[in-house]
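Chains as they are written, first to last, in our numbering: chain A, 1471 to 1691; chain B, 22 to 248.
I should point out that these hints are in silico values taken from the structure, not numbers from a laboratory. There's no promise every hint is true.
[Unchecked claim] Chain A side only, calculated, beta carbon under 8 Å to chain B, not exhaustive: (1) Thr-1478; (2) Glu-1623; (3) Leu-1670.
[Unchecked claim] As a list, the in silico BS3-like pairs of lysine-lysine whose alpha-carbon atoms are at most 25 Å apart: (4) Lys-174(B) to Lys-1674(A); (5) Lys-1624(A) to Lys-188(B); (6) Lys-1664(A) to Lys-143(B); (7) Lys-233(B) to Lys-143(B); (8) Lys-1595(A) to Lys-1614(A); (9) Lys-1683(A) to Lys-1672(A); (10) Lys-1525(A) to Lys-211(B); (11) Lys-233(B) to Lys-188(B); (12) Lys-1531(A) to Lys-1574(A); (13) Lys-233(B) to Lys-1590(A); (14) Lys-1683(A) to Lys-174(B); (15) Lys-139(B) to Lys-1664(A); (16) Lys-122(B) to Lys-211(B); (17) Lys-143(B) to Lys-1624(A); (18) Lys-1590(A) to Lys-174(B); (19) Lys-174(B) to Lys-1624(A); (20) Lys-162(B) to Lys-130(B); (21) Lys-130(B) to Lys-77(B); (22) Lys-143(B) to Lys-1672(A); (23) Lys-1674(A) to Lys-233(B); (24) Lys-1672(A) to Lys-174(B); (25) Lys-1664(A) to Lys-211(B); (26) Lys-139(B) to Lys-1624(A); (27) Lys-233(B) to Lys-1624(A); (28) Lys-162(B) to Lys-149(B); (29) Lys-1671(A) to Lys-139(B); (30) Lys-1671(A) to Lys-143(B); (31) Lys-1664(A) to Lys-174(B); (32) Lys-77(B) to Lys-1664(A); (33) Lys-143(B) to Lys-1674(A); (34) Lys-1525(A) to Lys-77(B); (35) Lys-1672(A) to Lys-233(B); (36) Lys-139(B) to Lys-1590(A); (37) Lys-174(B) to Lys-1671(A); (38) Lys-77(B) to Lys-122(B); (39) Lys-1664(A) to Lys-1635(A); (40) Lys-1674(A) to Lys-139(B).
Computed from a prediction, not measured in an experiment: that's the story for all the values here. Note that beta-carbon positions come from the ideal geometry of N, C-alpha and C, so glycine has one too.
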Amino acid sequence: MIDNFFITIVIIVITQSVLLFLYHLIINRNKKNNDVLDEKLKTVEAILKSTKHDKILSLDKIKDIELNSQEIYVFSKNMFRDVRNNGQFAKGSHNIGTFYPTVKANLLQSNIQYTYFLKKDSHWKHFIHNFSQSYKEIDNINVKVNFFMIPAEKYFFYDELYLYKSNNQYIAFEFLPSISDEENQILYFLELEKQQVERLKKIKNELMNTYSKNNLSSLLC
Amino acid sequence: MIWIVVIISITTIFFHILYDKISNTNFTKKRYLQYDEHLNIIDKIMNCKGYHLILKASELGKIENQSEEIFVFTENLITDIPKENISQIEGNSENIGLFAKIVSTNIPKGKKYTYFLKDNNKNREYVKEYYAYHFSLETNKEYTKNVVFYFVKESEFTFFTELYLYKDDIAHDMAFEWLPSIGEINNTDKQFYLELSSEQVENINEIIIELKNPAMRFNYNDYEEIT
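Only chain B is shown next, with the shape it has when bound in the complex (with noise of 0.2 Å):
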């Protein structure tokens, strides 16, 4: 009888597993195995790429609302005005007003904001419609000191994309570039952004330092001053 037993249980598992083999539904140890050591490999190349380095404009968002200072360099400001606010726009348009809503709620809060811009006409459009928009309410009029402009001559604008540095009390200083090159042209969602070294946050640091001409300086008084 327990032969009779053996042979059936036997039998019955063997064709189970022959099902399996067929029916490709078994995933054994060993295949497992080998995805895994491949998926590791990706793992680490992905990791030394750095992909976690490369952040989605949501994310360089969160960044900014947590900093208590905030340096931008770019070469038009459309990030920081909405679009119905901007009269004339020249150059890439996928990051318009992406940041708009991020600095209206930071000012507020007396977060501090530093400009580098290219000095020219579109610009300095541009810092009047900033103003127009971001101190258009009465309670922001107390923050107006806490953002400066600069205004950099057109020939020694060597920087080629946005630069955003993040600095607070607590922790170090973070500085990000836009990557169009891996974005998605005309895709607001699809804008990337890399966290730069702490080697090339020390450089941006040390070019602040002698971008601050007071000569090239333009803040609220002078906004209302022209208008």
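Chain A on its own, in the form it takes in the complex (with noise of 0.2 Å):
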């Protein structure tokens, strides 16, 4: 009898040994699952924290800021972004038109100014056309819409950059191709910092006081 009872103490101790030691084991790989989120979680918190990420904004939020300004200025080599794309555009054209309802939607409203700064280079007068075929059901667009042909080899912009004024005040944005998806339209933009938006705005004056105001029809002639 005792010795039953003895042996039964024992297989329920090595039963549960056994059994623990199972659970235990599931734990623990459950906890190293644990560890590695953790570590993602704290990668992801440090790049966060180590940027202003609140600076990089999505094509949403630019296309949001454009339709609150009075005044737009666009440092561009070519408005592919601010065109329709009615076809004429085949590989690569996954950018033209982005901001094309954006820009017509300003364009109806009376007192948004529009202000183009473009590269004279042997295809601005292909641009120019483009951007009139766009908006040519839009009467009055001539008024609301200057351009400030540059000389191809003065233009020093490697990029595109947007200046905006809204209430007297100036907010200006780059295009980040490097960090965007342009075939899937997930399109970034850095917000410039203050001192930034300030030499900005002395570039556009200096280019407004260097080069003669066109408007549409002048430049299509």
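Combine the two chains into a complex, taking the hints into account.
This is the structure we're talking about:
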């Protein structure tokens, strides 16, 4: 009887030990997973903390800002994003017309002024023609769009820049092609620092003083 | 007897699970998968946002060290002169002397530096201080031809941030721009630089060709003449 009781106790202890071992093995594996997750989260946190990521804005946010601006200054080589893609562009055309609905909505308002600084290279007439075609249904377009043609050898912008004026406050953005997924229209823009905005304002004024102002019809002639 | 063993074992395990649930120490596979899914989404967003293309100054320094030819577009040259060698500082000060040590290491290795600067008195002063510091050693004098400055008319200097283009014999050209808006003011350790796209690199190369105006060139001989 005592022997039997002893054997029962031994079996219970052994079985429990095995089961507990297996149970804790599973828990430990999960804890390892937990550690991996912790590590990942720490990395994410470190990156987010180390950069002011809120200064990197998505396309939708920029469109909102543009829709709420009174003066818009665009520094672009080709205005591709602001014209309608009516099929004349084939390959690599995913960028075309990104801002077309926004620009169109703004041009229909009488108080919103667009100014473009374009590179006067061998393609500029083609770009102007595209722009005109895109907005030809808006009659008074000419009075609200100014163009400053910068000679190619003096055009030193290596990317697209946008300067917005709203309620006498300026804000500026730089398009970030290297971190955007243009094919899927996931575009990102960097909000420029105050000092950079001031500098861009100066550059804008300098260009406006140096080169003559054109409207669409004068450029189409 | 078997039943006793089974019942006691099940009870023990049950209490263990209960304890884990109450104390929340267990991390079930289901929960892990849920978290993992969220993290993968965050990962994708971060990769898409290209955070891996945003470098710290120290990482940019490593790239500069590995380059053969370096082109710098800067408003004031203060990144490449140590603070104690600058007589007057104007504008942003968080990156004073940030790359001075790298430049002083690279010059004796025969690496070429080309700077594009706003043409003003302040920058002409900085250029003198640059030469005075980096070429104070007699051994560096044989490399003077490797450093060239181009002064760009203030009205034509449309670079609104510091810009760096690196060339070497093997890899493709790489360009970076300083992102002051996401860095921390007056904190040298928290300055960030974004790698530019290949199209932007191409644009910068075109700009370099336009800006290499012999009339606006300034080199060590010119420095010696005026000092």
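Problem - Holds or violated: Lys-1664(A) to Lys-1635(A), with C-alpha atoms at most 25 Å apart - result: Holds - the C-alpha atoms of Lys-1635(A) and Lys-1664(A) are around 13 Å apart, at most 25 Å.
Handout entry: Pairwise hint evaluation, Lys-1624(A) against Lys-143(B), where the allowed Cα distance is 25 Å at most
Key = holds, 23 Å
Exercise for the section: Please work out if Lys-1674(A) and Lys-233(B) have their alpha carbons no farther apart than 25 Å. Expected result: holds, 23 Å
Problem - Distance restraint between Lys-139(B) and Lys-1624(A), which requires alpha-carbon spacing of 25 Å or less - result: holds, 14 Å
Problem - Proposed proximity, Lys-1574(A) with Lys-1531(A) (alpha carbon, max 25 Å) - result: holds, 17 Å
Exercise for the section: Given the hint that Lys-1672(A) pairs with Lys-233(B), test it: the Cα-Cα distance must not exceed 25 Å. Expected result: holds, 24 Å
Practice task
For the pair we were handed, Lys-174(B) and Lys-1671(A), check the Cα-Cα distance against 25 Å.
Solution key: Between Lys-174(B) and Lys-1671(A) the Cα gap is close to 17 Å, so the pair holds against 25 Å.
Problem - Pair hint Lys-139(B) and Lys-1664(A), alpha-carbon separation not exceeding 25 Å - result: Distance of about 20 Å is within 25 Å: holds.
Exercise for the section: Quickly compare the C-alpha distance for Lys-1672(A) and Lys-174(B) to 25 Å and report which way the hint goes. Expected result: holds, 14 Å
Problem - Given hint Thr-1478(A) near chain B, where the shortest CB pair must fall under 8 Å - result: holds, 5 Å
Practice task
Sort out whether Lys-149(B) lies within 25 Å of Lys-162(B), counting only the CA atoms.
Solution key: holds, 15 Å
Handout entry: Straight-line alpha-carbon gap Lys-1525(A) to Lys-77(B), limit 25 Å
Key = holds, 17 Å
The structure shown violates none of the earlier numbered hints.
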